[in-house]
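*Asks:* Given next are the chains, with one letter for each unit.
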Amino acid sequence: MLRFGLRSKFILLSCFLFLLPWLGYEYVWEMEKFLRQGQEKTLVGTTRALATALHERPALFDEQTNFLDQVVKGRDLYAYNLKNPIQLDGKLNDWDSYQPLFWHYDKRYLQKTDNKHQASDLSFDHMVGKFDNYLYAVFKVTDNTLIYRAKNSLSITNNDYLQIGLKTPDGQFNTYIIAPRQDGWINAFDANTKTPFTKIQGYFESTESGYNVELRFPINMLGNKLGFAIVDVDNKEALLEPKIMSTSNLNNPNDLGSVLVPSPEISRILKGMGHSGSRIWVVDNHHRVLAQSGTIQNADGVWADGLANQAPETWWQRFEQNYLHPIYYKILTRPENEFLDTLHDVASMQGTHLAKALKGQPASSWRLTPDSKAVILSAAYPIWIQDQVIGAVIAEETTNGVRTLRNKSLEKLFNVILAVMLIGTVTLFFFASRISSRIRRLRDTAEQAIDAQGRVTGSINYSDANDEIGDLSRSFSNIVSRLGGYTDYLENMSSRLSHELRTPVAVVRSSLENLQSLPQNELSQKYLDRASEGVKRLGKIITTMSEATRLEQSIQSNEPEPFDLQKVINGCMQGYQLTYPNHLFALDVCQSKLPMQGAPEFIAQLLDKLINNAMEFSEANTAINVSLMQTENKATLTVSNTGPALPDGLTEHIFDSMVSVRSQQMQQQPHLGLGLYIVRLVCDYHKGSVTAKNNEQGDGVVFAVSLPLHN
Amino acid sequence: MKKIAIIEDEPAIRENYIEMLSLQGYQVSGFADRASAEVAFKNALPDLAIVDIGLGHEIDGGFLLCQTLRSLSKTLPIIFLTARDSEIDTVCGLRMGADDYLTKDISLAHLAARIGALFRRMEALAQPADANALITRGQLTLDTQRMQVFWQQQLVDLTVTEFWMLHSLAQRPGHVKSRNDLMSDAKIYVDDSTITSHVKRIRKKFVALDSTFDCIDTVYGMGYRWEQH
Chain A
13 MLRFGLRSKF
23 ILLSCFLFLL
33 PWLGYEYVWE
43 MEKFLRQGQE
53 KTLVGTTRAL
63 ATALHERPAL
73 FDEQTNFLDQ
83 VVKGRDLYAY
93 NLKNPIQLDG
103 KLNDWDSYQP
113 LFWHYDKRYL
123 QKTDNKHQAS
133 DLSFDHMVGK
143 FDNYLYAVFK
153 VTDNTLIYRA
163 KNSLSITNND
173 YLQIGLKTPD
183 GQFNTYIIAP
193 RQDGWINAFD
203 ANTKTPFTKI
213 QGYFESTESG
223 YNVELRFPIN
233 MLGNKLGFAI
243 VDVDNKEALL
253 EPKIMSTSNL
263 NNPNDLGSVL
273 VPSPEISRIL
283 KGMGHSGSRI
293 WVVDNHHRVL
303 AQSGTIQNAD
313 GVWADGLANQ
323 APETWWQRFE
333 QNYLHPIYYK
343 ILTRPENEFL
353 DTLHDVASMQ
363 GTHLAKALKG
373 QPASSWRLTP
383 DSKAVILSAA
393 YPIWIQDQVI
403 GAVIAEETTN
413 GVRTLRNKSL
423 EKLFNVILAV
433 MLIGTVTLFF
443 FASRISSRIR
453 RLRDTAEQAI
463 DAQGRVTGSI
473 NYSDANDEIG
483 DLSRSFSNIV
493 SRLGGYTDYL
503 ENMSSRLSHE
513 LRTPVAVVRS
523 SLENLQSLPQ
533 NELSQKYLDR
543 ASEGVKRLGK
553 IITTMSEATR
563 LEQSIQSNEP
573 EPFDLQKVIN
583 GCMQGYQLTY
593 PNHLFALDVC
603 QSKLPMQGAP
613 EFIAQLLDKL
623 INNAMEFSEA
633 NTAINVSLMQ
643 TENKATLTVS
653 NTGPALPDGL
663 TEHIFDSMVS
673 VRSQQMQQQP
683 HLGLGLYIVR
693 LVCDYHKGSV
703 TAKNNEQGDG
713 VVFAVSLPLH
723 N
Chain L
4 MKKIAIIEDE
14 PAIRENYIEM
24 LSLQGYQVSG
34 FADRASAEVA
44 FKNALPDLAI
54 VDIGLGHEID
64 GGFLLCQTLR
74 SLSKTLPIIF
84 LTARDSEIDT
94 VCGLRMGADD
104 YLTKDISLAH
114 LAARIGALFR
124 RMEALAQPAD
134 ANALITRGQL
144 TLDTQRMQVF
154 WQQQLVDLTV
164 TEFWMLHSLA
174 QRPGHVKSRN
184 DLMSDAKIYV
194 DDSTITSHVK
204 RIRKKFVALD
214 STFDCIDTVY
224 GMGYRWEQH
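Protein sequence lines correspond, in order, to chains A and L.
When we follow the working numbering, the leftmost residue of the first sequence carries the number 13, and every step to the right adds one.
When we follow the working numbering, the leftmost residue of the second sequence carries the number 4, and every step to the right adds one.
Just so you know, the hints here were simulated from the structure itself, not pulled from any lab data.
Predicted, not measured: the structure shown is a model, and the values here were computed from it.
Just so you know, not all the hints are guaranteed correct.
[Claimed, not checked] Covered by chain L, according to a simulated footprint, are these stretches of chain A (three or more residues, beta-carbon under 8 Å):
| no. | region |
| --- | --- |
| 1 | 34 to 44 |
| 2 | 118 to 132 |
| 3 | 552 to 560 |
| 4 | 564 to 578 |
[As the list claims (entries may be wrong)] In silico BS3-like pairs for lysine-lysine, Cα to Cα no more than 25 Å straight-line:
| no. | chain 1 | residue 1 | chain 2 | residue 2 |
| --- | --- | --- | --- | --- |
| 5 | A | Lys163 | A | Lys95 |
| 6 | A | Lys579 | L | Lys207 |
| 7 | A | Lys163 | A | Lys255 |
| 8 | L | Lys203 | A | Lys699 |
| 9 | L | Lys45 | L | Lys203 |
| 10 | A | Lys85 | A | Lys255 |
| 11 | A | Lys53 | A | Lys420 |
| 12 | L | Lys203 | A | Lys579 |
| 13 | A | Lys211 | A | Lys95 |
| 14 | A | Lys283 | A | Lys53 |
| 15 | L | Lys203 | A | Lys621 |
| 16 | L | Lys6 | L | Lys45 |
Think of the CB as a built atom: it goes at the ideal place given N, C-alpha and C, for glycine as much as any other residue.
Using the sequences plus the hints, can you model the full thing?
*Replies:* Take a look at the structure:
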């Protein structure tokens, strides 16, 4: 049976203290929600501020956005901002980091549909980029037969070549052709005049599967339209019509794809906003990014400002950082600056917030990074020109600032809660310990106040405490003292009864004796004799009743003296053998000295009672076994006889006063069951113990008295 | 004719005793309480007083009366005859100067014998010592006529019961006297432990005179004997 003490119950109850951190956590969580809303509003505010700077400035957008109805990927080009300079060497390792941005052109982009076309015949990967006033373009062409321009050929089209079509800022449509003679540095030719055009320069390098072309030209010669075409001539004799794969139709200036170059003008404006702690984009209404500023990794808003980790200064801060924070951060997550960002260097933005903004509504959205390490908040605000949305400003921030803020407050909250719980639990524990120890003490004293036989052995020291436990101890003490009084009353019952009976018995006896001195006839003499006999027995009962009391009294007044137990027992046994020659005694008494402290007469009386008892119950012609031996510091005296077994449940109580297990036949003599009570009194006086049990065969009884020896 | 006063609050017992003792040839007067007895004693003292301890509403009236009687006469034999048999009462009673302490379960014959013994002793005290009545056991001298005991020529102040018990032991030195023997010799009917305490008291009285006294030997389980060295 599982037992819950007061202390464990208290500890269980104090577990409710653990609700505190949960409540605190919930609270901080709510707070974080508000902070996030705040951040959202702030971010929308940021976008609005920037959008305000861009409203009604068509000049900024005219060049960039041609009010196309739609933008087609692959046809409409986007010049990414390149972060590193490109070395024109035909090797593509400069472009490695932009690899995902390469657009693959396959047979869909052939000028003439050719179902038999295979990827190995002609296809290319391409991207354009902007770096430092130059527009760069790269082509990774797959071509199974590479045909260079012949050395002496004036024609520049009887070979594999690259055609460039563009509109200048003033609207002029120009076409240029790059037709290399060999691998190496290349320049373009003006397609109309067939004169070299050195502003477009590049590098050509053949590869196993085709060739690579890198080229660049100044960005200021480019308007908002640009197209490239790879023309594949598979034999010099021009028997086959050359295959043309192009980004857009270069033959018709109107079909030319647009190009979007991140606007330096808008970038400049954005740069001013770059210190806002957000990543900001400006997109046109085709979702194409016109300008970008800031990186998302650093964009945590302004929320975490001033919360940067400082080196711990005090011991408490050190302790907090070294021991507490590792625990806290098992639950909390530290916002990380290293996370995947899908929008890194994208040409076109997507998202509900943007879609909404382009419809004229400011909006914001939350999204989780693909690696779930950060939550990014985006806000978009439309840019208006003459009641038309021309683009949108998008600002993005991570929630790291808010999360840092939340973590900081949770740290503080946890500190407080930890202290409260610690103090609370310790206090409760001590409180519970104190209460339970008081109750245990009370229990122990209550148990000690009454011995195994149910006698009241002492009083309870009650406590003065002015509480329920004090009350309890006082009432316990009260009960025990009243119980003690009642037990006393019961114990003195026999002596008082004998005292009260003595006077009437004396009346009867003296009257009978007086009567006897008168002359009697035979009949009255007979009755007189019977009456005298009855009075004699009554007198005997009275004497026996007071015997135990008197023994108690003499025990109280007796001063212990040293004596030899062995001598007493041996002497007594010799006496019994003389006194009761008809009984058999089997002796096993040790002959060494057994020094004891006490009263030898009482011991003799004890043995008297035990032998009497044994003789009364023993069967005829069976021996009474008496043994005395020394075990360590104790002497053990056993008296055993064959005869009726002790009834169950009475073995403890036969040593009580006025308890007798005699059958009716044995009740010829008046008997009050005081013999074994006297045995126990004597044992108690000598600080010994007495037990009675049936022997192993079950055909007799063994009394064992254990008495401490005194050396 | 010897005059005996019985102070007993129980009329039946008082009357019985008066009648019985009158038949024995004593002149007996009975009193129910201490006041009436004291008034009577101021006029004339009896030759022997039998006193109950509890007298009417006075629980210890007998003790007070005993003190009064002792102040009136140092030699008047006083017997306590009471229902109280506790050790304390016995000791108290004998310390008050009573010559004997008897409990009410005593038979009338026994009581008469005790009274007779006390009167004999009183008479003996008045007579010169008779050499034949002296029993000498080493340093012990018992004067059976005067019921006096001397140890090393010093008087040992024993009660009548104690005297008879000692007498029983000393008569046959070395012989074990069981408690029953002692009881019948001292003509008392009490339980074994009372005998034990009587013997103890006798020993104490001797030891008070001579700390090396060890002539009364306990034979455990059997009784006592006078051990002569």
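*Asks:* Indicate, hint by hint, whether the structure satisfies it.
*Replies:* So, going through the hints one by one against the coordinates:
Figure legend: the region 34 to 44 of chain A, annotated as covered by chain L; annotation inconsistent (0 residues with Cβ-Cβ distances under 8 Å, at least 3 required). By the rule of at least three residues with a Cβ nearer than 8 Å to a Cβ of chain L, the coverage given for the region 118 to 132 of chain A is violated, with 0 such residues. For the region 552 to 560 of chain A, the proposed coverage by chain L is satisfied: 5 residues have a C-beta within less than 8 Å of a C-beta in that chain, meeting the threshold of three. Counting residues of the region 564 to 578 of chain A whose beta carbon lies closer than 8 Å to any beta carbon of chain L gives 3, which meets the minimum of three for the stated coverage.
Proximity of Lys163 of chain A to Lys95 of chain A is assessed by CA-CA distance (about 38 Å); at most 25 Å being required, the pair is judged violated. Of the supplied pair hints, the one linking Lys579 of chain A and Lys207 of chain L holds, its CA atoms being roughly 23 Å apart against a limit of 25 Å. Between Lys163 of chain A and Lys255 of chain A, the direct Cα distance comes to roughly 22 Å. Compliance with the 25 Å bound is thereby established for this hinted pair. Annotation: proposed proximity of Lys203 of chain L to Lys699 of chain A holds, straight-line Cα distance about 23 Å (limit 25 Å).
Simply put, Lys45 of chain L and Lys203 of chain L have alpha-carbon atoms about 38 Å apart, too far for the 25 Å limit, and the pair is violated. At most 25 Å may separate the alpha-carbon atoms for a hinted pair to count; Lys85 of chain A and Lys255 of chain A meet this at roughly 22 Å. With a C-alpha separation of about 22 Å, the suggested pairing of Lys53 of chain A with Lys420 of chain A holds against the 25 Å cut-off. Note on Lys203 of chain L and Lys579 of chain A: the hinted pairing holds, with a Cα-Cα distance of about 19 Å set against a maximum of 25 Å.
Taking the CA atoms of Lys211 of chain A and Lys95 of chain A, the gap is about 22 Å. The hint holds against a cut of 25 Å. Restraint check for Lys283 of chain A and Lys53 of chain A: satisfied, since their Cα atoms lie roughly 22 Å apart, inside the 25 Å limit. For the suggested pair Lys203 of chain L and Lys621 of chain A, the alpha carbons sit about 21 Å apart, so the restraint of at most 25 Å is met. The suggested pairing of Lys6 of chain L with Lys45 of chain L holds, with an alpha-carbon distance near 15 Å, which does not exceed 25 Å.
In summary, the numbered hints that this structure violates are 1, 2, 5 and 9.
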